[in-house]
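My request is simple: use the sequences and hints to build the entire structure.
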Amino acid sequence: MFNFSKAAAGGFAAIFLMGSCAYAAGDLIINLDQTDPAPKKAFEDIVSGFSKENPDVNVIVNTMHKEGYKTSIRNFLTADAPDLAAWYAGNRMAPFVNAGLFEDVTDLWEEHGLNEQLKSAAASMTMHGKKWGVPYTYYQWGIYYRKDIFKEQGIAVPTNWDELVAASAKLKEAGITPFTIGTKALWPTGGWFDYMNLRVNGYEFHMDLTAGKVPYTDPRVKATFDKWSELVKPGYYNKNHPALDWQDAVPNLVQGKAAMYLMGNFAVDVFKNGGLKEEQIGFMQFPQITPGIPMAEDAPTDTIHIPAKARNKEDARKFLAYMARADVQTATNITLGQLPVNSGAERPEERILQQGFDMLSNAYALAQFYDRDAPAEMAKAGMEGFQEFMVKPERADAILKRLEKIRSRVYK
Amino acid sequence: MFPAPVANATAPTRIAYKVALPVSLLVWLLPLIGVMVTSIRPASDLAMGNYFGVPSSFELSNYLSVFQSTPMGLFIMNSFKVTIPTVIGAIALSCLTGYALATYRFKANLWLFFMFVAGNFVPFQILMVPVRDLTLKMGLYDTVTGLVLFHVAFQTGFCTLFMRNFIKALPSELIEAARVEGVSEFRIFWYVVLPLMRPAIAALSVLIFTFIWNDFFWATVLVQGTHAMPVTGGIISLNGQWVAQWHLVSAGSVVAAMPPVIMFFLMQKHFIAGLTLGATKG
Amino acid sequence: MSQQVAASASPQSGGTFSSGEEVRTRTSKWIANQRRLAPWLFLMPGALMFLVYVIAPIAQSITISFYDWDGIGTKAFIGIENYIELWDDEAFYTSLYNNLLWLVLYMLAVPAGLLIAIFLNQTVTGIRIYKSLFFFPFVISQIVVGLIFSWFYAPNFGLFTKLLEFLGFEGIAILADERFVTYGIIAAGLWPQIAYCMILYLTGLNNVSPDQIEAARLDGAKGWKMLWYVILPQLRPATFIAVVVTIIGALRSFDLVSIMTSGGPYGSSRVLSYYMYEQALSEYGFRMGYGASIAVVLFAIMMVFITLFIVRMLKDERGSY
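Chains as they are written, first to last, in the working numbering: chain A, 1 to 412; chain B, 413 to 694; chain C, 695 to 1015.
Zero decoy hints are in this set.
Below are the PhoX-like pairs computed for lysine-lysine, each with C-alpha atoms no more than 20 Å apart in a straight line:
no. : chain 1 : residue 1 : chain 2 : residue 2
1   : C       : K1009     : B       : K580
2   : A       : K257      : C       : K856
3   : A       : K239      : C       : K856
4   : A       : K170      : A       : K233
5   : C       : K825      : B       : K430
6   : A       : K222      : A       : K233
7   : C       : K769      : A       : K412
Hints in this document: simulated from the structure, not taken from any laboratory.
Below, the structure written as C-alpha cells:
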C-alpha cells in the first residue's frame, strides 16, 4: 500500500502546488472596470501620483472589462476583496451597502471637508445617513451630431421634439440614418428611455417609475413609448442595432452614414479616434418634448469604494482622500474628458465638456441612468423591453405588460 | 470497404474526387481561413473595407501586440496551470477507480459505475451554485487550485468510464495468474495492469487536455481576476476591449486555439483512439 | 470468483509443521480480506471527489430551488414558488423552445457527419491530412468557434452578409434578428459537432467487415441500398455514441450563446443553460434559488436521456456477464 499512497500523493501534490497568488502587507489592490485607453491612462496617472506621495505603498491595479466587472464585483466583494473597487453612485450601490459589503467612509468625508467639496454628489453617495465611497468623475449625456452634415442639409439644431422629428425626416430623405445606436449590451437603450421619459413625463415621474412606485402599464409610460415610436416606426435608427456594441455604431457616424448619436460624453474620445475632427462634432441637449416640464439630465457618477473585507483599509483611505482632491480630480478629468465632482477643481477647457458642464449646472435635476436608478433585475428586463420595442414597436403593449409583471415581483 | 474505392473507378470520377476534396475542405474551413487571414491584416485594411481581399501587408505585429498590450501570456500560462494538474489528477484517480470497477465483483459495482457515467452527463448548471459556494467556503474561489479540484472531480467520471472499459477488455488471465502467485492486489495493479494501460492513459491525456483547455463555463463561474483566468475566459474579456478590432480578436483567437491544435496534430492517433472508444464495439 | 482464487491460493495445505500451517491460514485470510477491501481502497479517492463535487451538488441544487436566495444574504424557504414563477415566465418558455430547436437541429450533425465520413473514406494519397483538417473544428474551443462565427455573421462586412449580397439577396444580420438568431448559433455549433460525428463514423467504417460488403456486392447491392441494409447496421455502435454526444452537446449549449449573443436580441436566443446562468450569476441577477429551479428542469430533461443511456448500458453489461 505504500506505493499506492505515494502515487496518489504525487497527483495531489501537483494540484496543490499551483496555489493562488498571495499579496504582501504593503500592497494596495485596486479593482477597476476601465479598459478604454483614456480612462486607463487617467488611472495610471492617479496611481503614479499617489505612489510618488506614498512611496511605501505598492499599488496593484486589476483592470477588468466593464461588462464582466459588473458581474464579478459581486463575487470579489464577498470572496476575495481588493482594497478599493470602482463602482457607481445611487441605487446601483444599494445591494452592496445593504449587504454590508462596502465600508462606511463618513469619517473620511468629514476629515477632508468633502461634504463641502463634493456637495453636488453627496446625496447620491449617502445611504442610511452615511457615506459609502468617493465620486471622482461624472459626465453628461446628450445628442452628439455631425455639424458638417447638419450644415450640408440645412438643418438647424433642434430645440423641441417636432424639430427633431422634422430634422430626422429630412436626413432620412437624404439617405442618411438620423440616429446610430448599438444595443447589443442593452444599456444604450436605457439612455433613450431615460430621455424620452424625462422629457415626456418629467423627473419626478421618472424617479417614481425607477423606484417601482408606478406601474409600467400606467398610460403615462405608454405616452412615452408613443412619442418614441415617432422615431422608431419611420426607421430613424440604423438597422441591425441589436448585433452591435456601442463602439460598433460609431463608424456610422464617422463615415457620415448617420448624423446623430445619443451617448455619454466618453464617446467623444472614440469619435475622435475613429477619425472625426473636433470641428465636426456638435453637442446638443436632448430637446424638449412636453412644454413646461423642467429639463432634467442623465449624469452618471463613477465612484470608488472600500470593500468591507479589504485588507489594507488604511492605505485605501489615503488613496480615497487623494482621489477626492481638487487638483487630482482636475487632472484626472482632463484625461478622462469628463467632469470633476470636486467643486474646487478647475472648469474644463474643452468645448463640448464646457457645454455639458453648463447644461448640467442649469439642469433641473440629475438622474444617474436607467440601469443605475432601477434595481438590477428590473433594469435588465426593462432594457430588454426597450430593445425589443426599438425592433418591434407594435409590441409596445405586450412589452409594458411584461415589464409590469416583473416590476410587481422585483419591488416586493 | 465502403464506399467502393475511387482508385477502381473510371478516370473522370477519380479526377472529380481529387478536385472535390480540396474544394470541399476549403468550404468547410472557410470561416477559419477568414479569421486566420484577418489575424495578419493590418488595421488599416479593416478601416478601408478590405475585409476579404489579399492583405495589403503581412502583419505579424497583430500577434505581437496581443502579447504586449494584453495579459495573453498570463492567460495561456493559467490555462496550462489548470490543464496539466487536472490531466494528472483525473487520470491518477480514474486508473484506480477504473481498475476497481473492472476487476472486482461486488454488489455495488455496477451502480457505482453508473454513478460515474450518469454524473458525467449532467448539465453543468445543476452543479454551478453549490460548487461555487463550496469553492468560496474553501477559500479557493478565484484560484487555479479551485478550478483544478473541480475539473479533476468531474473528469474522473468520464475517465472512469473509459478506464474501466479498457481494463475490462484486457485478458483477465494475467490478473488471475498473478493472484494465484499470491501477489498483493496493489502490486497486481501497479506491475501487471498499469503498464498495459499506457495507451489508455495517452489517449485520455490528450482528450482531457483538450476538454479542460477549452472549458469556458467553469472558468467564468470559479474565476474572475486576470491572475487566475484561463485563456478562454481571457479572450472574452479581451473581446470586450477589442470591439470592432477584428484583426486583434482574430489573432487572439488563433493564439488561444493553438495548444490543443498542436496537441491534436502531435498525438492524433491517441486523440482519435480516445474519442472513438466504443464507436466500434457496443 | 474471489472465493475460488482464495481457495486455490493455498493448495492442499496438509503439511506437518503447525507453525507453517498457521502462517498460511493467516496469509490466506489476509488475501481474502484484502480482496474484499481492495476495491474500496482503490475507489475511495475518486469516488469521494466525485461525490463531493458532482453528486452532492445535484441534491443541494434541488434544495436551493425551494429557497429565495441572493447569494449574499440569508436563504428564505419559499416552497415551490420558484417553480410557480417559472410556469408563468415567458423567458423560460423561450429558452425551453430554443432548447428543443437545438435538440432537433443538432441531430443533423449525425447524418452530416456520416456523409462526410463516407466522402473521406478513401485511400488516395494525402487523405489522412484531409481527415485531420476536416476534424479540425472539433479541437478548437467553442469560444473561438463563437468568435469566428460572430465575425462570419457580422452585419455589413461579415462573410455571410457578403455571400448573400453576392447571390443578390439583401444582407441579414443573423444575430440581430429574432427569427434567425437561434438557427445561426446552432449552425455554428453544428460545425464542430459534425466533425465529431464524422470521426466516429470514420472509425466505424474502418471496422466494417469487408466480407459482408463483398457478399452484398455479389448480391447486387449498391449505393444507398448497400448503405442502408449492410453498412448502417454495422455502424450502430458509432451511431449510438454519435447520438448520445450530440444530445449532450445540444443541452449543454452555453458557450456559443454566451459569446455570440448573450441570449439576445431581447432574450430570443436564450437556452435553459444560459438563462439559468443569467438569473443566478450575471450582472443583472443574483437569484440563486430561481436559477437553481431552471437548472433542475434542465437536469430533469437530461435525466430522461441519461436513464435511456444507462438502461442500454445495463443491458449490455448484463449480457456480458
